[in-house]
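Peer 1: Sequence:
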Amino acid sequence: MQIRTALPLAAATAAALVLGGCATGEGSATDAPSPGATASGEWSSDSLTLDFATYNPLSLIIREQGWLEETLGDDVTVTWVQSAGSNRANEGLRAGAIDVGSTAGSAALLARANATPIHTISVYTQPEWAAIVVDADSDITSVADLAGRSVAATRGTDPYFFLLQSLEEHGVELADVEIQNLQHADGRVALENGDVDAWAGLDPIMADSEVNAGSELIYRNIDFNTYGFLNATESFLQTSPDLAQLVVDAYEKARAWALDNPEETAQILADVAGIDLEIAQRVILERTVIDLDPVPGDAQREVLEVVGPIFVEFGDVRTQEDIDAALDTLFEDSYAAQADPTSLDG
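As numbered in mature numbering (1 follows the signal peptide of the UniProt record, and there is no 0), residues -23 to -1, 1 to 323 make up the sequence shown, in order.
Bear in mind the hints are in silico, worked out from the structure with no lab data behind them. Mixed in with the good hints there might be a few duds.
[What the hints assert, rightly or not] Simulated restraints, written as ranges between beta carbons of each label pair: (1) D268 / D317: 46 to 54 Å; (2) T54 / G191: 30 to 38 Å; (3) R278 / D51: 35 to 43 Å; (4) A162 / L262: 19 to 27 Å; (5) E146 / D51: 51 to 59 Å; (6) D317 / A190: 37 to 45 Å; (7) P286 / S119: 20 to 28 Å; (8) T54 / R278: 30 to 38 Å; (9) D219 / R126: 49 to 57 Å; (10) V166 / T319: 43 to 51 Å; (11) E47 / P286: 41 to 49 Å.
Idealized CB from N, CA, C, for every residue including glycine.
Turn these sequences into a full structure, and let the hints steer you where they fit.
Peer 2: Shown next, in the form of structure tokens:
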């Protein structure tokens, strides 16, 4: 039976913890079977659970178009779970609540360095999705002004690491800033209500706050934004490489569709996120690079090599050795390298 369902990720995670326990232990990307169809011609599993997120426009297209459901037919139940942020996607992957989840590159590295058994199988976008945001009447004009102030940020996500890098670049000690750990949408509300002085924002929520509340981005730096990573659990890659390959194929079909249909892509984002089309267009057309090589490799590693030591400095990862080991094992590039968008129906 075909199912296209949006489940709250917290509920899905809790169910997985009760029914199946945590995901399996550490392994190497080279341990996974080669991706491709099963020898019998049948799919390796009767279920596939993956996330969709407003920060991942390709996921929204795949869900909207129904390519996976059409290709898999009645043989595989497809379940969609919404991720509110990279931290939620990582929770779902760690608990086995989802097979494939979308995060920022920094969040994927953080998870892998802290023993979550995942691999990055594709790069979906290079977004400029994080910035430092203040309200319209704020006297804060630079990152240096954040000393002694409160900032909302979602730990374990790109905006949080954007904040850490921004503070370091401007010579502001983390101890001099009060960080309130709020989910992205709650951080926006806290800023607009005056409960915090600044917010490490995430699009499209950030763009919505700009347009509808007059919020201002006081610091932008695309180099501090890591790429969008599509991640899968090791257990899923080991048992269902055929389904993993199909998901990556769907992402490449969605990439081509998005490049051919930018306005329609913005409209899908607007509909799912509940935002005005003007805001969605700002995110898709001005702040998101979709036309890129999906194979994870040197470009992504170079960005993460900058972020990794910051994790250690601020206590998010125990040692640099853990970072190095994660960087050496995070990428599984074979799926994106052989992606074939024509493998899907529709």
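Peer 1: Hints numbered earlier in the text: which of these fail when held up against the supplied structure?
Peer 2: Violated hints (numbers, rising): 1 and 2; every other hint is consistent with the structure.
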